[in-house]
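Per my numbering, residue 387 is the first one in the sequence shown, and the count goes up by one each step.
None of these hints come from the bench; they were simulated from the model. Predicted model, so just to flag it, every value in this text is computed and none were measured. Mixed in with the good hints there might be a few duds.
[To be verified] Lysine to aspartate or glutamate pairs mimicking EDC-like chemistry, simulated, CA-CA at most 20 Å apart:
#1 K713 x E736
#2 K452 x D593
#3 K702 x D665
[What the hints assert, rightly or not] Label pairs and their calculated CB-CB ranges:
#4 R687 x E563: 36 to 42 Å
#5 G630 x F811: 40 to 46 Å
#6 E570 x D656: 15 to 21 Å
#7 E570 x Q649: 31 to 37 Å
#8 T520 x D615: 19 to 25 Å
C-beta atoms are modelled at their ideal positions from N, C-alpha and C, and glycine is treated no differently.
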Amino acid sequence: MYLLRAASSFIRTPKQIVTVSGLRFYSVAAGSNTKVNYNVGTIGHVDHGKTTLTAAITRVLSKKGKTKFVKFDEIDKAAEERKRGITINIAHIGYETETRRYSHTDCPGHRDFIKNMICGTAQMDAAVLVIAATDGVMAQTKEHILLAKQIGLQNMIVFINKSDLVGAEDLELVELEARELLSEHGFDGEHAPVVKGSALMALEGLDTTSVEELLKVLDSLPEPERSEDAPLLMPIASSVQITGRGTVVVGTLSQGRLKKGEQVQIKGFDMDSTSVVTDIQVFKKSALQVVAGDHCGILCRGLKASQVRRGMWLGKPGTILTSNVIKANVYLLSPEEDGRKTAIRSGYTERVFCSTWDVSAKLHFKQELLMPGEHIEAEIFFVNDVPIKKNMAFTIREGRTRTVARGVVTDIFEPLAIDPAFRDFNLQTILPKLKSIYS
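Using the sequences and the accompanying hints, generate a full structural model.
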């Protein structure tokens with residue numbers, strides 16, 4: 387594995403991987419290829435115990451010889467995180483139970499870094515929503531549920547943390563509030579698994595019952611559907627260059643399979659490169675092959691750091707579509723959904739989040755106003771060519787602080803020359819030039 391010692395210096399170590407925009411600790415061997423890899427993550431409000439729960443899971447499993455114990459400080463170790471005492475970068479922790487391999491994403495809960503959380507949930511098969519019994523549902527609790535639903539997450543487990551600090555009646559109220567919130571956002575709140583306990587007590591070895599129960603619930607979730615026979619596609623979450631060897635790109639395969647020695651294309655953001663895969667790392671060891679659902683690091687020979695960035699896609703050569711103009715169905719969230727209180731006009735410009743990328747975009751639609759709670763068909767113009775597919779979901783965030791709209795891609799147009807600052811943006815001359823790439 388590769389351990390990040392500085393931005394441009396790496397050493398080999400059998401213990402862990404650390405990547406530029408997230409930490410990855412793989413503490414079990416990859417020999418259990420018969421086990422399905424399941425992508426799970428902890429989400430929820432800041433300081434509700436997501437990272438503590440993640441560390442507690444590794445401690446409980448380490449006692450059974452299933453993983454190496456990863457301490458809280460090893461997960462929450464970025465300099466800014468230590469300084470502020472909150473998780474900002476995404477951490478990926480690998481562990482095994484009797485039946486499954488898990489790639490566990492510990493998502494940040496701080497509002498300023500919500501795009502990392504969006505990137506994290508986009509790679510999950512299930513999420514563990516952590517709610518502190520002492521606080522109940524909070525602002526980021528609601529926002530994380532909303533974002534999880536918007537990117538298509540189906541399975542949600544609730545872990546009510548710090549349950550030892552409140553009475554039975556308060557605990558019951560928190561559970562009721564959590565179930566109602568899930569139902570409001572389209573999840574099956576009535577039947578959602580709810581586990582109550584203390585992550586800190588489990589971490590300290592005082593009471594591990596709740597963590598063991600949580601792991602049983604995770605093992606009981608339905609197997610995820612994987613598109614292993616589709617063309618290779620992996621949205622890139624992070625990357626780092628290794629002097630003399632190439633660049634490691636990190637992500638989760640959304641479809642297809644990849645073998646060592648195969649040629650790949652890395653495309654997006656007005657860049658396009660090809661490379662040969664010289665190494666694949668999964669769960670501590672090199673792997674000859676990875677398939678859809680696997681979270682991995684891929685060493686691309688000769689690829690420079692300047693040729694890749696988060697948000698690009700890695701895939702089978704010739705299969706990645708990029709464009710800076712799409713058509714989409716857009717829904718403007720209502721005030722009851724924590725959206726805007728006022729309408730937006732055609733020409734509205736904000737940031738669109740999709741897959742692992744986010745870019746500035748301008749919306750155009752025919753009617754004068756789009757009111758909160760209404761749907762509309764719109765053309766969306768991006769400042770860069772981005773990798774995109776039909777039927778992909780995306781969100782629009784205002785000022786990077788709150789989600790105000792969501793949408794689904796219905797058509798992709800051939801790229802156009804657009805000023806990144808949207809100067810001299812004349813729709814009367816642009817609209818007649820739009821041509822679907824499917825026509």
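Discussion item. Hinted pair, alpha-carbon criterion (20 Å max): K452, D593. Please report holds or violated.
Written reply: holds, 19 Å
Worksheet item: Between T520 and D615, is the Cβ distance one that fits in 19 to 25 Å?
Response: violated, 48 Å
Practice prompt. Return holds or violated for the Cβ distance of R687 and E563 against the range 36 to 42 Å.
Written response: Since R687 and E563 have Cβ atoms about 52 Å apart, the given range 36 to 42 Å is violated.
Worksheet item: How does the Cβ-Cβ distance of G630 and F811 compare with 40 to 46 Å: does it lie in that range?
Response: holds, 45 Å
Discussion item. Verify the CB-CB distance for E570 and D656 against the hinted window 15 to 21 Å.
Written reply: Given about 40 Å between the Cβ atoms, the range is violated.
Practice prompt. Verify the proposed pairing of K713 with E736, using a straight-line Cα cut of 20 Å.
Written response: Measuring from Cα to Cα gives roughly 16 Å; hence the hint holds.
Item to complete: Take the C-alpha atoms of K702 and D665, compute the straight-line distance between them, and say whether it is at most 20 Å.
Response: holds, 16 Å
Discussion item. 31 to 37 Å was suggested as the range; check whether the CB atoms of E570 and Q649 agree with it.
Written reply: For Q649 against E570, whose Cβ atoms are near 47 Å apart, the range 31 to 37 Å is violated.
The structure shown violates the earlier hints numbered 4, 6, 7 and 8.
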